[in-house]
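Asker: Line by line, the protein sequences give chains A and B. Residue numbers are given in this note's numbering: position 17 of the first sequence equals residue 17, and the series is strictly consecutive. Residue numbers are given in this note's numbering: position 281 of the second sequence equals residue 410, and the series is strictly consecutive.
Careful, some of the hints might be misleading.
[Unchecked claim] Residues from chain A that face chain B, not an exhaustive set, calculated with beta carbons under 8 Å: (1) 1; (2) 5; (3) 6; (4) 8; (5) 34; (6) 37; (7) 38; (8) 41; (9) 44; (10) 45; (11) 46.
[What the hints assert, rightly or not] So the derived list for chain B, only partly shown, Cβ under 10 Å to chain A, looks like this: (12) 302; (13) 325; (14) 326; (15) 327; (16) 343; (17) 347.
[To be verified] Derived pair list, reagent style EDC-like, types lysine to aspartate or glutamate, alpha-carbon separation capped at 16 Å: (18) A:62 <-> A:26; (19) A:49 <-> B:342; (20) B:258 <-> B:219; (21) B:142 <-> B:334; (22) A:49 <-> B:327; (23) A:49 <-> B:345; (24) A:81 <-> A:56; (25) A:81 <-> A:13; (26) B:357 <-> B:400.
Since the hints were made in silico from the structure, they are not lab data. Every residue gets a Cβ at the ideal spot worked out from N, C-alpha and C, and that includes glycine.
The lines below spell out each chain.
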Amino acid sequence: MDESRPIFLQIAEAIENDILAGVLLEETQVPSTNEFAAFYRINPATAGKGVNLLVDDGILYKKRGIGMFVAAGSRARLVAKRRDQFEAEYVQPLITEAEKLGITGPQLEDMINRNRAKQSAHPDKEQAV
Amino acid sequence: MTTVVEATGLTKKYGKFAAVDDASFRIEENRIYGLLGRNGAGKTTIMSLLTAQVFASSGSIRVFGQSPVENAEVLGNICFIKESQTYPEDFRPRHVFASAPWFFPNWDQDFADRLVADFRVPMNRRIKKLSRGQLSAVGVIVGLASRAPLTFFDEPYLGLDAVARQTFYDRLLEDFAEHPRTVILSTHLIDEVSNLLEHVIVIDDGRIIIDEESEDLRGSATIVAGAKSAVDGFVAGRDVIHREAIGGLVTATVSHLDEAGRSAARAAGLETSPVSLQQLIVRSTNLSESEEGQKS
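Could you put together the complete structure from these sequences and hints?
Answerer: Shown next, in the form of structure tokens:
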């Protein structure tokens with residue numbers, strides 16, 4: 001856990017990451033709030049807040065008396081959301097910095113393509129994000 | 130939400146020294162609280178007041194809606210595990226666990242037995258002959274297995290090694306999930322317990338200086354660093370918790386800075402970094418100390 005950010009957000013992100021990675025499949029049950037709390041060693045109320053955030057977003061849904069499940073179509077929705085985030089958090093600062101250094105659009109494109117080629121030559125490094 | 134403890138204007142003086150100074154706070158039911166602060170800040174005095182082991186100089190205390198003083202009904206629902214618990218002469222751990230059900234109506238013997246195995250407490254050794262860590266383990270087991278609706282742990286882990294402390298935190302969380310109750314944990318190992326706490330009360334020099342949800346505190350403060358003029362310009366009119374200067378470089382801890390505020394700081398050429406709960410508390414308690422220094 002990263003101590004400087006609210007933990008319930010980190011729990012929600014961890015569950016999202018598991019859905020994106022296919023560890024948690026759509027229409028399958030996710031661990032209970034208490035199981036999340038025990039696993040991450042956090043207060044159950046905090047774990048519950050993280051889970052409820054995903055319920056509010058429609059990523060998880062409750063089956064009364066059974067537990068919490070991954071909603072159908074949630075993976076596609078998460079991919080779309082994360083792509084928007086990617087643009088805001090990575091692409092925009094990248095362009096700002098490039099402009100500062102006088103890198104033109106075509107030069108930037110060229111850099112990206114060169115690095116993509118390098119990484120696909122060493123696919124094992126791709127995971128290191 | 131049900132209020133379990135309500136303290137208003139609570140003050141405890143020893144001669145002229147105020148160990149607790151006009152403290153007002155509430156404890157809500159079935160949550161885990163951290164009572165944090167430096168040594169001598171007044172944590173133990175507050176817990177002793179709430180459990181009627183010492184009496185207030187002024188102010189009022191309601192525990193389960195009543196005064197706890199000489200109130201068997203209230204005190205029967207409380208378990209207070211002290212750092213330096215004393216036991217009768219010749220007591221052995223098995224005597225402690227055998228007599229605990231007389232004091233704690235919710236005592237769970239099976240749970241206690243499992244904890245004895247977890248902490249490897251020698252049941253037949255005299256209490257006086259136990260190591261410091263084993264003695265602490267006896268207290269931790271009583272506190273957990275008591276299942277008291279209001280349980281205080283005052284620095285319960287003196288001499289417990291890292292493995293035993295983690296066992297304590299794990300069992301506390303597991304049992305809390307199954308049997309919710311109100312737990313007040315006093316500690317200065319803030320990093321170790323911060324994830325367990327739902328609410329944090331920080332006391333310094335007998336006064337309450339922070340009383341907030343831990344999730345609201347986490348990430349609420351930001352460190353901004355840069356040239357003196359830039360930092361001073363940026364923090365003017367903001368809530369500065371802590372400030373440090375090395376030559377022309379200034380580092381300021383600013384509370385409640387939102388994302389827009391952080392962007393503004395970066396736009397002003399300042400470095401920003403987040404502050405953990407422990408750092409926030411260290412910086413807050415440091416400041417009150419330097420304020421004191423200026424006053425006297």
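Asker: Could you run down the list of hints and mark each one as holding or not?
Answerer: These are the hints, each one checked on the structure:
1. Residue-level restraint check for residue 1 (chain A) holds (minimum Cβ-Cβ distance to chain B is 6 Å; threshold 8 Å).
2. Checking residue 5 (chain A) against chain B: minimum C-beta separation of about 5 Å stays under 8 Å; hint holds.
3. Satisfaction of the interface hint for residue 6 (chain A) is found here, the shortest Cβ-Cβ separation to chain B being roughly 5 Å, below the 8 Å cut-off.
4. Using the Cβ-Cβ criterion of 8 Å, the hint placing residue 8 (chain A) at the interface with chain B is satisfied: the shortest such distance is roughly 6 Å.
5. Of the supplied interface hints, the one on residue 34 (chain A) holds, with its beta-carbon coming within about 4 Å of a beta-carbon of chain B, less than 8 Å.
6. Residue-level restraint check for residue 37 (chain A) holds (minimum Cβ-Cβ distance to chain B is 6 Å; threshold 8 Å).
7. Here the hint on residue 38 (chain A) is kept, as its CB sits about 6 Å from the closest CB of chain B, short of 8 Å.
8. Because the beta carbon of residue 41 (chain A) sits about 6 Å from the nearest beta carbon in chain B, less than 8 Å, this interface hint is met.
9. For residue 44 (chain A), the interface hint holds, since its Cβ comes within 8 Å of a Cβ in chain B; the closest pair sits about 5 Å apart.
10. With its C-beta approaching chain B no nearer than about 5 Å, residue 45 (chain A) sits inside the 8 Å limit, and its interface hint holds.
11. Interface hint at residue 46 (chain A): satisfied, since its Cβ lies 6 Å from the closest Cβ of chain B, which is below the 8 Å cut-off.
12. The restraint placing residue 302 (chain B) at the interface with chain A holds, with a minimum CB-CB distance near 6 Å, inside the 10 Å limit.
13. Hint status for residue 325 (chain B) relative to chain A: holds, with the closest Cβ pair at about 6 Å, below 10 Å.
14. The restraint placing residue 326 (chain B) at the interface with chain A holds, with a minimum CB-CB distance near 6 Å, inside the 10 Å limit.
15. Look at residue 327 (chain B): its Cβ gets to within about 5 Å of chain A, closer than 10 Å, so that hint holds up.
16. Annotation: residue 343 (chain B) was flagged as interfacial toward chain A, and the flag holds, the nearest CB pair being 8 Å apart, inside 10 Å.
17. The criterion of a C-beta within 10 Å of any C-beta in chain A is met by residue 347 (chain B), whose closest approach is roughly 5 Å, and the hint holds.
18. The straight-line distance between the Cα atoms of residue 62 (chain A) and residue 26 (chain A) is roughly 13 Å, inside the 16 Å bound, and the hint therefore holds.
19. Between residue 49 (chain A) and residue 342 (chain B) the CA atoms are separated by roughly 13 Å; this keeps the pair inside 16 Å, and the hint holds.
20. Among the hinted pairs, residue 258 (chain B) with residue 219 (chain B) is consistent with the structure: their alpha-carbon atoms are about 10 Å apart, no more than 16 Å.
21. Taken as a hint, the residue 142 (chain B) and residue 334 (chain B) pair is honoured in the structure, with Cα atoms around 12 Å apart against an allowance of 16 Å.
22. Restraint check for residue 49 (chain A) and residue 327 (chain B): the C-alpha separation of about 11 Å stays at or below 16 Å, so the hint holds.
23. A hinted pair counts as satisfied when its Cα atoms are at most 16 Å apart, and residue 49 (chain A) with residue 345 (chain B) qualifies at roughly 13 Å.
24. Taking the CA atoms of residue 81 (chain A) and residue 56 (chain A), the gap is near 15 Å; set against the 16 Å cutoff, the hint holds.
25. For a cut-off of 16 Å, the pair hint linking residue 81 (chain A) to residue 13 (chain A) stands: about 12 Å separates their Cα positions.
26. About 12 Å separates the Cα atoms of residue 357 (chain B) and residue 400 (chain B), which keeps this hinted pair within 16 Å; it holds.
Comparing the model with each earlier hint shows no violations; every hint is respected.
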